[in-house]
Amino acid sequence: MGAPAMSKTITIDGKNVPFSDGQTIMDAALAAGVYIPHLCHNPQFEPHGSCKLCVVSVNGRNMTSCTMPAAEDMVVANNTPELNSDRKALVQMLFVEGNHICPACEASGNCQLQAAAYYLDMLSPHYTHFYQPRAVDASHPEIFLDLNRCILCELCVRASREVDGKNVFGISGRGIGTRLVVNAASGRLGDTNFAATDKAAHVCPTGAILIKRQGYRIPIGQRTFDHKNISEVQMEPDHE
Amino acid sequence: MEPHEFPQIEQQLAPVFERHGREAHWLLQILREAQEIFHFIPSAAITCIAAHLGVPRTRVEGVAGFYSFLSLKPVGEYRVLFSDNVTDQMQGNPELMRYFCHKLWLEPGKVSEDNLLSVDSTSCTGMCDQGPAALVNGWPLTNLDHERLDLIAELIRGRKPVCDWPPMLFEVKDNIRRSGTLLGEPFASGAAIRATLARSSAATLLEMEASGLRGRGGAGFSVARKWSMCRVSPGEKHYIVCNADEGEPGTFKDRVLLNSYADLVCEGMTVGARIIGATKGFLYLRGEYCYLLHKLEQALAQRRVAGLLGRNILGETGFDFDIEIHLGAGAYICGEESALIESLEGKRGRPRNRPPFPVTHGYLDQPTVVDNVETLACAARIAAQGGEWFAAMGTAQSSGSKILSIAGDCARPGIYEYPFGVTLHEILDDCGAEDPYAVQVSGPSGILVSSKEFGRCISFEDLPTAGAFTVFKRGRDLLQIVQNFVHFFAHESCGFCTPCRVGTQLQKKIVDKIANGHGTAYDLEELKQLGHIMQTMSHCGLGHTAPNPVLDMLKKFPDAYQHKLKDLAFEPAFDLDGALETARNITGRDDAWAHLP
Ligand SMILES: Cc1cc2nc3c(=O)[nH]c(=O)nc-3n(C[C@H](O)[C@H](O)[C@H](O)COP(=O)(O)O)c2cc1C
Ligand code: SF4
Ligand code: SF4
Ligand code: FES
Ligand code: FES
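Each protein sequence line maps, in turn, to chains A and B.
Under the numbering used here, think of the first position of the first sequence as 1, with each following residue one higher.
Under the numbering used here, think of the first position of the second sequence as 1, with each following residue one higher.
None of these hints come from the bench; they were simulated from the model.
Among these hints, one or two may not hold up.
Interface residues of chain A toward chain B, partial, derived using beta-carbon atoms under 8 Å [what the hints assert, rightly or not]:
| no. | residue |
| --- | --- |
| 1 | Ser124 |
| 2 | Gly173 |
| 3 | Asn183 |
| 4 | Arg188 |
A few chain B residues facing chain A, derived, Cβ under 7 Å [claimed, not checked]:
| no. | residue |
| --- | --- |
| 5 | Arg57 |
| 6 | Glu61 |
| 7 | Gly220 |
| 8 | Phe221 |
| 9 | Phe496 |
| 10 | Thr498 |
| 11 | Ile533 |
| 12 | Gln535 |
In silico SDA-like links for lysine to any residue, alpha-carbon gap of 20 Å or less [what the hints assert, rightly or not]:
| no. | chain 1 | residue 1 | chain 2 | residue 2 |
| --- | --- | --- | --- | --- |
| 13 | B | Lys509 | A | Pro125 |
| 14 | B | Lys528 | A | Pro125 |
| 15 | B | Lys528 | A | Ser85 |
| 16 | B | Lys528 | A | Asn62 |
| 17 | B | Lys73 | A | Gly175 |
| 18 | B | Lys347 | A | Asn167 |
| 19 | B | Lys509 | A | Tyr131 |
| 20 | B | Lys509 | A | Asn167 |
| 21 | B | Lys528 | A | Glu82 |
| 22 | B | Lys347 | A | Arg161 |
| 23 | B | Lys73 | A | Ile176 |
| 24 | B | Lys73 | A | Arg161 |
| 25 | B | Lys347 | A | Glu162 |
| 26 | A | Lys88 | B | Lys347 |
Think of the CB as a built atom: it goes at the ideal place given N, C-alpha and C, for glycine as much as any other residue.
Starting from the given sequences, assemble the full structure and let the hints guide the process.
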């Protein structure tokens with residue numbers, strides 16, 4: 001194919017990948033059809049850099065590909081057994097931190113956390129479950145917020161701020177006490193101006209934000225990740 | 001009236017708003033004062049502050065929930081926080097805290113029924129040379145013992161305002177035991193600024209270069225390089241920030257510099273400001289040191305009178321520079337320079353994605369230099385006395401001297417200044433360490449050194465340090481010490497990235513499991529794997545260094561944990577007897593029958 005001779009390139013796992021100034025390693029990779037696992041990144045919003053699934057090795061040093069600007073002469077290792085095993089450990093950490101009862105979850109089959117776990121060959125949570133008590137908020141007439149499944153990716157925070165212009169969501173607490181909060185003195189989603197038509201209602205990678213009365217409309221077995229790999233789905237433009 | 005109802009909240013907050021205006025970067029300072037008024041941050045205050053600043057409520061709640069000294073639930077009118085640094089622990093703080101709670105019929109972490117008092121623990125308060133220590137409503141209590149706690153209990157019962165307590169309770173000594181050029185030689189205020197103006201900024205930058213001065217806050221970056229990068233970065237305004245967060249447990253040398261050498265530090269900032277072209281500087285003072293605020297404000301005022309701060313400094317037309325002090329509120333991560341900048345902007349102390357670096361995009365996205373207190377003091381000396389003089393001290397890659405904060409098992413804890421290159425043997429002799437067995441160099445994030453390595457020396461090429469030097473004698477339970485460190489990291493993780501937020505918790509659980517006698521060889525492998533993930537996948541230095549003490553112990557001190565391990569290959573993390581703890585608490589039982597055999 002060959003990019004124009006003038007354009008700048010990096011290599012990812014030996015493949016030449018062109019980039020333009022201002023693009024991150026992730027941007028360049030996705031544009032070139034190279035998959036780097038990611039959970040907190042969605043090209044529609046400002047990069048965030050918190051889940052760390054997208055960490056790659058650049059000239060021997062680990063870097064967060066969704067926030068790191070691409071630069072000439074970067075030699076990037078991505079799809080290596082070492083990195084994938086570390087990524088699997090991160091997904092396991094997210095599983096034990098929250099309360100993910102996949103068989104009982106309406107998002108099962110549509111959940112990117114679950115799909116990332118499949119992609120990375122995760123067979124068990126490995127670590128001890130934290131069983132943190134977390135709240136379920138059903139106060140909104142159209143939307144459930146189940147913090148048991150929140151992985152703190154802040155996609156809803158960004159979507160509400162950047163696209164909906166509403167700031168319905170925010171982050172409070174610290175360390176393991178970090179938690180999603182909503183913009184209401186009562187702390188209840190029903191007391192915010194959140195709407196089911198908001199962008200933020202459709203970006204959650206897990207089942208933490210669910211539209212009510214949609215449950216099991218698409219039967220298990222026919223859902224997104226039941227017949228496609230996360231590496232295919234996340235490469236589609238405007239996936240949700 | 002319920003403590004949760006605040007009909008007058010707007011009137012109560014009005015003077016705070018008056019002092020700070022409507023800029024959102026004052027949010028943390030506003031919240032600190034709200035905490036003082038209400039003894040927590042009521043939901044109504046969050047709504048009111050958000051409306052005043054014109055920011056979403058979530059922004060205010062986010063900040064209020066991040067810092068340890070702010071609290072979303074009521075704490076007592078008197079809030080006593082015992083320092084849980086490892087040296088305070090060795091000096092008996094856990095027992096003292098139990099004694100105090102027992103005396104006042106209180107449970108740690110709970111508020112007394114009359115809302116008068118609450119007692120809890122807090123990360124190192126920087127008084128390791130005069131512990132056991134605590135904070136009462138932010139004021140440091142030193143040299144605690146039963147007698148003093150009896151007195152304190154009486155003062156609280158009598159509702160005496162903290163400002164009227166006997167001053168001896170709050171006495172903080174410098175304890176300078178050994179001084180070199182930085183601490184020992186006289187310094188005439190203004191000398192460094194005069195020399196800088198005389199020889200030009202460019203020439204002074206060359207002196208910094210010649211001095212070889214490297215940052216004293218831990219990373220050891222060249223000061224000349226940092227300052228030149230910032231100097232040439234385009235921006236509307238440039239800023240210089242003095243990092244006085246000093247959160248690394250066991251470090252207290254910046255406390256002494258700020259108490260007795262503030263002039264030298266301010267002078268370093270002013271020289272730096274001249275070189276990078278800043279008109280405004282910030283001193284980010286950790287919340288634990290708020291007792292120094294008044295004295296520092298006075299030092300700044302004196303410098304303004306002397307023409308060393310303000311407009312046209314020393315008569316130089318257009319050389320305008322002033323310093324503002326911002327207080328932290330209990331967050332170790334805010335010592336990390338980009339988290340510090342976020343905090344200065346009134347946000348959660350969450351480290352930024354880099355690049356861009358602060359030298360190009362720092363405070364309010366403008367070019368910013370962040371330097372440690374000691375670095376700035378060195379810079380003032382160099383500006384006054386030249387770079388060569390400084391470079392003549394120390395070793396090839398580590399010029400000058402280093403101030404150590406020495407504490408733990410030694411006869412003379414305190415502040416020691418040495419030229420770089422000094423060996424641990426020499427230091428241990430000087431501070432009167434009895435039968436030393438291990439030294440934690442540079443705090444929990446640093447290196448755990450065994451007695452076989454006491455020939456090693458303090459320097460960037462061998463044992464780099466931000467200043468902490470904690471001595472442990474033979475017979476100390478190293479596993480317990482490491483347990484203290486991993487609890488610290490789990491408590492201080494900012495929670496942004498997965499490997500550190502979850503990893504520090506897992507690490508804590510496994511070390512606790514081993515310390516409780518339930519560990520196996522399998523758990524050691526788990527710790528190594530976790531350490532690897534945190535070191536290589538974390539977002540910032542906190543996560544990168546959090547496994548250091550564990551990995552050092554595994555490698556160098558097998559005796560510390562081997563005897564604790566079970567002879568099995570694997571033992572479940574679930575602890576049956578531990579699960580009965582809640583039931584025991586509810587029923588108030590702790591007898592043999594309330595435990596599994
Ligand atoms: C978790 C963490 C905590 C830190 N705490 C401090 C601190 O309390 N004081 C300090 O000067 N530097 C601290 N640093 C280092 C700063 O990020 C930064 O490197 C330093 O302030 C630069 O100043 P220097 O070049 O003068 O050393 C910390 C770094 C990390 C990762
Ligand atoms: S609710 Fe969903 S989108 Fe929002 S932070 Fe949690 S996991 Fe991410
Ligand atoms: S490494 Fe820890 S402290 Fe640093 S960003 Fe991640 S969670 Fe926060
Ligand atoms: S995708 Fe890059 S850190 Fe989450
Ligand atoms: S399947 Fe429900 S959160 Fe992943």
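Evaluated hints:
Taking 8 Å as the C-beta contact cut-off toward chain B, the hint placing Ser124/A at the interface is violated, the least distance being around 14 Å. The criterion of a C-beta within 8 Å of any C-beta in chain B is met by Gly173/A, whose closest approach is roughly 5 Å, and the hint holds. For the restraint placing Asn183/A at the interface with chain B, the shortest Cβ-Cβ distance is roughly 5 Å, inside the 8 Å limit, so the hint holds. Hint status for Arg188/A relative to chain B: violated, with the closest Cβ pair at about 12 Å, above 8 Å.
Because the beta carbon of Arg57/B sits about 5 Å from the nearest beta carbon in chain A, less than 7 Å, this interface hint is met. Hint status for Glu61/B relative to chain A: holds, with the closest Cβ pair at about 5 Å, below 7 Å. Given the 7 Å rule on beta carbons, the hint for Gly220/B is violated: about 18 Å separates it from the nearest Cβ of chain A. Among the interface hints, the one on Phe221/B is violated; its C-beta lies about 17 Å from the nearest C-beta in chain A, farther than the 7 Å criterion.
The beta carbon of Phe496/B is positioned within 7 Å of a beta carbon in chain A (closest approach about 5 Å), and the interface hint is therefore held. For Thr498/B, the suggested interface contact is upheld, since its CB lies about 5 Å from the closest CB of chain A, less than 7 Å. Interface restraint check for Ile533/B: the shortest CB-CB distance to chain A comes to about 5 Å, inside 7 Å, so the restraint holds. A distance limit of 7 Å between C-beta atoms decides the matter here; for Gln535/B the minimum to chain A is near 9 Å, and the interface restraint is violated.
Taken as a hint, the Lys509/B and Pro125/A pair is honoured in the structure, with Cα atoms around 16 Å apart against an allowance of 20 Å. The suggested pairing of Lys528/B with Pro125/A holds, with an alpha-carbon distance near 18 Å, which does not exceed 20 Å. Our distance criterion of 20 Å between C-alpha atoms is met by Lys528/B and Ser85/A, whose separation comes to about 14 Å. With a C-alpha separation of about 18 Å, the suggested pairing of Lys528/B with Asn62/A holds against the 20 Å cut-off.
Annotation: proposed proximity of Lys73/B to Gly175/A holds, straight-line Cα distance about 18 Å (limit 20 Å). Note on Lys347/B and Asn167/A: the hinted pairing holds, with a Cα-Cα distance of about 16 Å set against a maximum of 20 Å. For the given pair, Lys509/B sits about 13 Å from Tyr131/A by alpha-carbon distance, which is consistent with the 20 Å threshold. A hinted pair counts as satisfied when its Cα atoms are at most 20 Å apart, and Lys509/B with Asn167/A does not qualify at roughly 36 Å.
Between Lys528/B and Glu82/A the alpha-carbon distance is near 15 Å, which keeps this suggested pair within the 20 Å criterion. Annotation: proposed proximity of Lys347/B to Arg161/A holds, straight-line Cα distance about 16 Å (limit 20 Å). For a cut-off of 20 Å, the pair hint linking Lys73/B to Ile176/A stands: about 18 Å separates their Cα positions. For a cut-off of 20 Å, the pair hint linking Lys73/B to Arg161/A is broken: about 28 Å separates their Cα positions.
Between Lys347/B and Glu162/A the CA atoms are separated by roughly 18 Å; this keeps the pair inside 20 Å, and the hint holds. Taken as a hint, the Lys88/A and Lys347/B pair is broken in the structure, with Cα atoms around 32 Å apart against an allowance of 20 Å.
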